[in-house]
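Numbering (the UniProt record's numbering), first residue to last: 1 to 203.
A couple of the hints might just be wrong.
What the hints assert, rightly or not - Listed below are the simulated DSSO-like cross-link pairs for lysine-lysine, each with C-alpha atoms no more than 27 Å apart in a straight line:
1. K112 x K60
2. K60 x K195
3. K30 x K70
4. K70 x K151
Quick caveat, the hints were computed from the structure, so don't treat them as lab data.
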Amino acid sequence: MGHFFYSQSRLHLSEQRLNDLKTSTMKIKKTEIPHESALSREKVIFDYTDSFRGPVRNTKRNITTTEIGKAFFSSTPQWGKKMFSLRNSIVKMFGLKTGTDRSKIQDPGDLKLEVGQQVGIFKIFDKTDNEMIMGENDQHLDFRVSILYDKAKQNTGENYLTISTAVKYHNWMGILYFLPVRPFHQLIVQVMLKKMIVQLEQK
């Protein structure tokens, strides 16, 4: 029995090391908001945009938008969660919504992710077969996050997952808030995107 649990433990560690290796070697590229994204049609109204893309390989099965959304909400690194807690403490001083008093994020596996649902600071605004748009409208700034799954148009075996962010400032308070957040935001998005892709490739 002890040998069984030891073997299982080694197997788990091997899988974890493999996932860590995939994450460390995966190439995430900064790009423009994809033309296929709903945000692309509205990008002229935003003051800030960024977009990061990574390849999803060896996946011929049908990946749903809901599955991708669940991967998003389960991919925040521990240090990222601490930064979100720090963010909530800071934004209270700016009068921005924290989400903690509105909707605690439940187990990602139980999320329905339907249009209109509030998940933490994110409200689901739109959902199609290959894209989910979420975000929040606030007194100092509005933001949108797009998760777009772009399937290969030819049988190349390589699809792409893109996370795009767009921010609209309403006043100087919004600018002042987002200025120090921006570099950490870009780092967290890239880490989350890598973890999401590893999750989707495993299933």
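Checked hints:
Distance restraint check for K112 and K60: the Cα-Cα separation of roughly 24 Å lies within the 27 Å cut-off, and the hinted pair is therefore satisfied. Between K60 and K195, the direct Cα distance comes to roughly 19 Å. Compliance with the 27 Å bound is thereby established for this hinted pair. Annotation: proposed proximity of K30 to K70 holds, straight-line Cα distance about 23 Å (limit 27 Å). In summary, the hint linking K70 to K151 is supported, as the alpha carbons are separated by about 19 Å, within the 27 Å threshold.
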